[in-house]
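Q: Using the sequences and the hints, build the whole thing.
So the chains spell out like this:
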Amino acid sequence: MIKLNPCQHILLPTVKGLAKSCPFPLQKKIAMLFLVPVFEEARLDGDLDFLRDRRIGLAISDIDYQATLRLENGHLALAKSTASEAPTDAIIRGNLSAFIQLANRSEDPDSLFFQRRLCIEGDTDLALEVKNLIDAVDLDELPKWLKQTLSLTQLVDKQFA
Amino acid sequence: MELVCPAGSLPALKAAVDNGADAVYIGFKDDTNARHFSGLNFNDRKAQKALDYARDRGAKIFVAINTYAQPKGWARWQRAVDLAAELSVDAVIIADLGLLNYAAQRYPQLPLHLSVQGSCTSAEGLKFYHSELGIRRAVLPRVLSLDQVKMVAEQSPVDLEVFGFGSLCIMAEGRCHLSSYVTDQSPNNSGVCSPAKDVRWTQTEEHLESRLNNVVIDRYQAEETAGYPTLCKGRFAVEETIFHALEEPVSLNTLDLIPDLYAAGIKAIKLEGRQRSPAYVAQVVSVWRSALDSFANNPEKFSSKAEWMQRLAKVSEGSQTTLGAYHRPWQ
Numbered sequence: 001m002i003k004l005n006p007c008q009h010i011l012l013p014t015v016k017g018l019a020k021s022c023p024f025p026l027q028k029k030i031a032m033l034f035l036v037p038v039f040e041e042a043r044l045d046g047d048l049d050f051l052r053d054r055r056i057g058l059a060i061s062d063i064d065y066q067a068t069l070r071l072e073n074g075h076l077a078l079a080k081s082t083a084s085e086a087p088t089d090a091i092i093r094g095n096l097s098a099f100i101q102l103a104n105r106s107e108d109p110d111s112l113f114f115q116r117r118l119c120i121e122g123d124t125d126l127a128l129e130v131k132n133l134i135d136a137v138d139l140d141e142l143p144k145w146l147k148q149t150l151s152l153t154q155l156v157d158k159q160f161a
Numbered sequence: 162m163e164l165v166c167p168a169g170s171l172p173a174l175k176a177a178v179d180n181g182a183d184a185v186y187i188g189f190k191d192d193t194n195a196r197h198f199s200g201l202n203f204n205d206r207k208a209q210k211a212l213d214y215a216r217d218r219g220a221k222i223f224v225a226i227n228t229y230a231q232p233k234g235w236a237r238w239q240r241a242v243d244l245a246a247e248l249s250v251d252a253v254i255i256a257d258l259g260l261l262n263y264a265a266q267r268y269p270q271l272p273l274h275l276s277v278q279g280s281c282t283s284a285e286g287l288k289f290y291h292s293e294l295g296i297r298r299a300v301l302p303r304v305l306s307l308d309q310v311k312m313v314a315e316q317s318p319v320d321l322e323v324f325g326f327g328s329l330c331i332m333a334e335g336r337c338h339l340s341s342y343v344t345d346q347s348p349n350n351s352g353v354c355s356p357a358k359d360v361r362w363t364q365t366e367e368h369l370e371s372r373l374n375n376v377v378i379d380r381y382q383a384e385e386t387a388g389y390p391t392l393c394k395g396r397f398a399v400e401e402t403i404f405h406a407l408e409e410p411v412s413l414n415t416l417d418l419i420p421d422l423y424a425a426g427i428k429a430i431k432l433e434g435r436q437r438s439p440a441y442v443a444q445v446v447s448v449w450r451s452a453l454d455s456f457a458n459n460p461e462k463f464s465s466k467a468e469w470m471q472r473l474a475k476v477s478e479g480s481q482t483t484l485g486a487y488h489r490p491w492q
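Residue numbers (our numbering), protein chains in the order written: chain H, 1 to 161; chain D, 162 to 492.
In short, the hints are calculated from the structure, not lab data. Keep in mind that a hint or two might mislead.
[What the hints assert, rightly or not] Subject to a maximum C-alpha distance of 25 Å in a straight line, what follows is the list of computed PhoX-like cross-link-like pairs (lysine-lysine):
#1 Lys428(D) to Lys462(D)
#2 Lys144(H) to Lys210(D)
#3 Lys147(H) to Lys210(D)
#4 Lys80(H) to Lys29(H)
#5 Lys221(D) to Lys428(D)
#6 Lys20(H) to Lys80(H)
A: As structure tokens, this is what we get:
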């Protein structure tokens, strides 16, 4: 079990509270702001096509949050995760720290998986392709504001070190 | 010694080059290479970008076309060689004799490396590949002890490359069809020994269970590290005992052997992991770059640092490393 440091004691409930209180349409808009530019090159290369009619869940256990992603007009978008919606085909599950380390590429997903900090449920092939899709995002091609935002996550990452 | 590093995506390639790779090996987006996974590898546009990035920074690009051509798909394997030649990559890494012959006949200028999947372990074998097909380098399979590597190197007509780090397999490289037993696919024939479409992970109250085509491969207790769900690394009941009957999930790490490999005349060290992320590539390549530089600067006083070993163990399968077959005095 990973021990929480003082920063995490504050950070986790705050993020959890924000995620809980943020209405879905706003969550979707915020997600769109990031997802569209990050995966634009992949979309143009046809590398998002495998997600057609599929739903992939990202479950962040320690803040009790699940995001579901699917294609909407060819773009990757946040979808409702409620039980009334279609079930996800695969779920990638882990704690917030693992997802932050994935986002800023400070940790290798397979290593997190070996260490049992990430796990995959459902269609492994789909989850693997999503992992490879994220790995293939060329950060050099991203708009400047987005690169700066990502570098901010490195500061947060240090709180988990 | 040249440091040959893996890349399954453009960001991984950049990570390799930026962290000191002398050469990076990549594969195309189909079953012509032994890391045939969804979403991995390079289309022609990305391969060109990779080549430009590497060349601008003085690094070489090798293309692995290291599965065995199937009768129905021969044109696909030819196309892979054609594309590599068109891009004028620095070498192609091939295992299949027929494909080696095609490349040698069609593109005499294209440097050929014999892939580890070719499973050539003797100087006589290497002489054959050299005289008949003109290979310039061979990658030795991880089945030889250090003494055996030395013996082969003494008489080899071509440069030799050996594995320095990465997930270890059952050591029948180039000859392993074990996974066909449950999945009908194997590295040589399909470029994969644990097809993701056949893999299922299930978390229960007691354990994490991995299945390959519905065959239970392993059950991990809460605190246990996991491995890739390949048949060879599963735990099986043999008589009354359940254990890793074939191979443990572990990574090869030969930092300690750098002086021996150099003395044996080995020309290149290969790092495994085209299926891994840019983060893995960055971490592993930077450790190996530091180690090789440290050896080059002061060969007599070289010893591997604890910090290097820790960083490599962190990204290792099973979080542990071994010297593998290199350290088998009886062999």
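Q: Please write out, lowest number first, the hints stated earlier that are contradicted by the structure.
A: Going through the list in order, the structure violates no hint and respects every one.
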